[in-house]
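*Asks:* Here is what each chain is made of, one letter per residue.
Number of protein chains: 2
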Amino acid sequence: MKLLEDRILRDGMTAGPGVLKVDSFLNHQIDVAFLDKLGEELARLFSDSGATKILTVEASGIALACAAARVMKLPVVFAKKGNRRNVGADVFAADCRSFTHGTDYLMTVSRSYLSSGDTILIIDDFLADGNAMRALLTITKEAGAAVCGIGIAIEKGFQGGGAYLRGEGYRLRSLAVIESMNDGNIVFGRENP
Amino acid sequence: MKLLEDRILRDGMTAGPGVLKVDSFLNHQIDVAFLDKLGEELARLFSDSGATKILTVEASGIALACAAARVMKLPVVFAKKGNRRNVGADVFAADCRSFTHGTDYLMTVSRSYLSSGDTILIIDDFLADGNAMRALLTITKEAGAAVCGIGIAIEKGFQGGGAYLRGEGYRLRSLAVIESMNDGNIVFGRENP
Numbered sequence: 001m002k003l004l005e006d007r008i009l010r011d012g013m014t015a016g017p018g019v020l021k022v023d024s025f026l027n028h029q030i031d032v033a034f035l036d037k038l039g040e041e042l043a044r045l046f047s048d049s050g051a052t053k054i055l056t057v058e059a060s061g062i063a064l065a066c067a068a069a070r071v072m073k074l075p076v077v078f079a080k081k082g083n084r085r086n087v088g089a090d091v092f093a094a095d096c097r098s099f100t101h102g103t104d105y106l107m108t109v110s111r112s113y114l115s116s117g118d119t120i121l122i123i124d125d126f127l128a129d130g131n132a133m134r135a136l137l138t139i140t141k142e143a144g145a146a147v148c149g150i151g152i153a154i155e156k157g158f159q160g161g162g163a164y165l166r167g168e169g170y171r172l173r174s175l176a177v178i179e180s181m182n183d184g185n186i187v188f189g190r191e192n193p
Numbered sequence: 001m002k003l004l005e006d007r008i009l010r011d012g013m014t015a016g017p018g019v020l021k022v023d024s025f026l027n028h029q030i031d032v033a034f035l036d037k038l039g040e041e042l043a044r045l046f047s048d049s050g051a052t053k054i055l056t057v058e059a060s061g062i063a064l065a066c067a068a069a070r071v072m073k074l075p076v077v078f079a080k081k082g083n084r085r086n087v088g089a090d091v092f093a094a095d096c097r098s099f100t101h102g103t104d105y106l107m108t109v110s111r112s113y114l115s116s117g118d119t120i121l122i123i124d125d126f127l128a129d130g131n132a133m134r135a136l137l138t139i140t141k142e143a144g145a146a147v148c149g150i151g152i153a154i155e156k157g158f159q160g161g162g163a164y165l166r167g168e169g170y171r172l173r174s175l176a177v178i179e180s181m182n183d184g185n186i187v188f189g190r191e192n193p
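In the order they appear, the protein sequences are chains A and B. Under our numbering, the first sequence has 78 at position 78, and the numbering climbs by one with no breaks. Under our numbering, the second sequence has 176 at position 176, and the numbering climbs by one with no breaks.
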């Protein structure tokens, strides 16, 4: 999506090897009108997916998921990040390692909001090594829900997440795929390789 | 706001003394069309406030803040929750105690996204004892930004946050104020006492 690629080139900042900061418009400060456009595009890409619910994960996936959900007229459920300490039997849970922070956490969704009757579209702002996505997929599997697609704003194509998910047969659509970002030089790949 | 009061009575659940669960539509599963209506009402209430930016805190404030920001055509900044471990000098930070979880955390906002030139409307889904709001106010003060208003979806009037903020002279507007919720019986007070 050219709109997103242009914005990344204009406002994104590389911050060390493999780290892209887009927190001026996507995941700390939010340009709502811009995110709405990304959400509209995801809604278009998955308009025939049969989704009954959108699943994302706190915090930075929420705004994008809501933007798509508005158009698709679907509810959003966001998974929570926490730890094993205070988790009850009333949640689906999966362990996850954060690429950004190098820490482990537990991802949870209340059993009240996912079921075997759901067809889930997963939406997130970033796809890198795919650890968060694996945890979300574990949770949907635990719930017995179907997954009809995965919509991402920015995929880091040089990490393994996208290749893994496409290999598993998931319908993955990323609005921008970064092929490489050596020495701060961002090169985009095909949107859906 | 009758729409919100009715929804709380229909779908809210009391979960122990002073604990209201509205996670079926507000802060775990999100009814986007419904939240948009709350956002529109907050935008109306603060249309003359002169706000240049909306500040909220992850995770459950984000959807509501974006809903208001869309109408007001303002950017949203969401404060992040973390700990002292990996905080640099590039953030404004304030300690906070969570009423819900009984834990302490550090609230941070990048210095890039708040400044003395900003007039801030703070929006959050809940106001209880006001600890999160105090931390957000500390951060805006540290940034030298003005605060033109505080917009809340659900205020627990029987806790001290609202009285404190009104006493301090803040323009606080809560779309629903719960006066008491003894034995699961929810009683609403005046919206803006």
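By construction, these hints were calculated from the structure, which means they are not laboratory data. Mixed in with the good hints there might be a few duds.
Cut-off 16 Å, straight-line C-alpha distance, at most; resulting in silico cross-link-like pairs (EDC-like, lysine to aspartate or glutamate) [said to hold, decoys possible]:
no., chain 1, residue 1, chain 2, residue 2
1, A, K21, B, D118
2, B, K21, A, D90
3, B, K73, A, D95
4, B, K141, B, D118
5, A, K73, A, D31
6, B, K21, B, D36
7, B, K81, A, E41
8, B, K2, B, E41
9, B, K73, B, D104
10, B, K21, B, D6
11, B, K2, B, E40
12, B, K141, B, D95
13, B, K73, A, D36
14, B, K21, B, E142
15, A, K2, A, E58
16, A, K81, A, D95
17, A, K73, B, D48
18, A, K81, B, E58
19, A, K73, B, D31
20, A, K37, A, E5
21, B, K73, B, D48
22, A, K21, A, E5
23, A, K81, A, D36
24, A, K2, A, E179
Selected chain A positions facing chain B (in silico; Cβ < 7 Å) [what the hints assert, rightly or not]:
no., residue
25, M13
26, E58
27, V77
Derived coverage of chain B by chain A (criterion: at least 3 residues anywhere in the stretch with Cβ under 8 Å from a Cβ of chain A; other residues may be distant) [said to hold, decoys possible]:
no., region
28, 30-41
29, 68-80
For every residue, glycine included, the Cβ atom is placed at its ideal position computed from N, Cα and C.
*Asks:* Against this structure, judge whether each hint is valid.
*Replies:* Structure-based check of each hint:
1. Distance check on the hinted pair: K21 of chain A and D118 of chain B sit about 23 Å apart at the alpha-carbon level, beyond 16 Å; violated.
2. Distance restraint check for K21 of chain B and D90 of chain A: the Cα-Cα separation of roughly 14 Å lies within the 16 Å cut-off, and the hinted pair is therefore satisfied.
3. This hinted pair does not check out: K73 of chain B and D95 of chain A have alpha carbons roughly 38 Å apart, beyond 16 Å.
4. Among the hinted pairs, K141 of chain B with D118 of chain B is consistent with the structure: their alpha-carbon atoms are about 11 Å apart, no more than 16 Å.
5. For a cut-off of 16 Å, the pair hint linking K73 of chain A to D31 of chain A is broken: about 21 Å separates their Cα positions.
6. Annotation: proposed proximity of K21 of chain B to D36 of chain B is violated, straight-line Cα distance about 20 Å (limit 16 Å).
7. Between the alpha carbons of K81 of chain B and E41 of chain A the distance comes to roughly 30 Å, so the proposed pair goes past 16 Å and is violated.
8. About 11 Å separates the Cα atoms of K2 of chain B and E41 of chain B, which keeps this hinted pair within 16 Å; it holds.
9. Restraint check: the Cα-Cα separation between K73 of chain B and D104 of chain B comes to about 34 Å, which exceeds 16 Å; the hinted pair is violated.
10. Proposed proximity of K21 of chain B and D6 of chain B is supported: the alpha carbons are some 14 Å apart, at most 16 Å.
11. Simply put, K2 of chain B and E40 of chain B have alpha-carbon atoms about 14 Å apart, close enough for the 16 Å limit, and the pair holds.
12. Among the hinted pairs, K141 of chain B with D95 of chain B is consistent with the structure: their alpha-carbon atoms are about 14 Å apart, no more than 16 Å.
13. A distance of roughly 12 Å separates the Cα atoms of K73 of chain B and D36 of chain A; the hinted pair therefore holds under the 16 Å criterion.
14. At roughly 33 Å between alpha-carbon atoms, K21 of chain B and E142 of chain B are farther apart than 16 Å, so this suggested pair is violated.
15. At roughly 26 Å between alpha-carbon atoms, K2 of chain A and E58 of chain A are farther apart than 16 Å, so this suggested pair is violated.
16. Pair hint K81 of chain A plus D95 of chain A holds up; C-alpha atoms about 10 Å apart against a cutoff of 16 Å.
17. For the given pair, K73 of chain A sits about 31 Å from D48 of chain B by alpha-carbon distance, which is inconsistent with the 16 Å threshold.
18. Restraint check for K81 of chain A and E58 of chain B: the C-alpha separation of about 11 Å stays at or below 16 Å, so the hint holds.
19. Annotation: proposed proximity of K73 of chain A to D31 of chain B holds, straight-line Cα distance about 9 Å (limit 16 Å).
20. For the suggested pair K37 of chain A and E5 of chain A, the alpha carbons sit about 13 Å apart, so the restraint of at most 16 Å is met.
21. Straight-line distance between C-alpha atoms of K73 of chain B and D48 of chain B comes to about 13 Å, which keeps the hinted pair within the 16 Å bound.
22. A threshold of 16 Å between alpha carbons decides the hint, and for K21 of chain A with E5 of chain A the separation of about 14 Å falls inside it, so the pair holds.
23. For the hint pairing K81 of chain A with D36 of chain A, the CA-to-CA distance comes to about 25 Å; that exceeds 16 Å, so the pair is violated.
24. In summary, the hint linking K2 of chain A to E179 of chain A is supported, as the alpha carbons are separated by about 15 Å, within the 16 Å threshold.
25. A distance limit of 7 Å between C-beta atoms decides the matter here; for M13 of chain A the minimum to chain B is near 10 Å, and the interface restraint is violated.
26. With its C-beta approaching chain B no nearer than about 4 Å, E58 of chain A sits inside the 7 Å limit, and its interface hint holds.
27. Residue-level restraint check for V77 of chain A holds (minimum Cβ-Cβ distance to chain B is 5 Å; threshold 7 Å).
28. By the rule of at least three residues with a Cβ nearer than 8 Å to a Cβ of chain A, the coverage given for the region 30-41 of chain B holds, with 6 such residues.
29. Residue count for the region 68-80 of chain B with a Cβ under 8 Å from a Cβ of chain A: 9. That meets the three needed, and the coverage hint holds.
When each numbered hint is compared with the structure, violations occur for hints 1, 3, 5, 6, 7, 9, 14, 15, 17, 23, 25.
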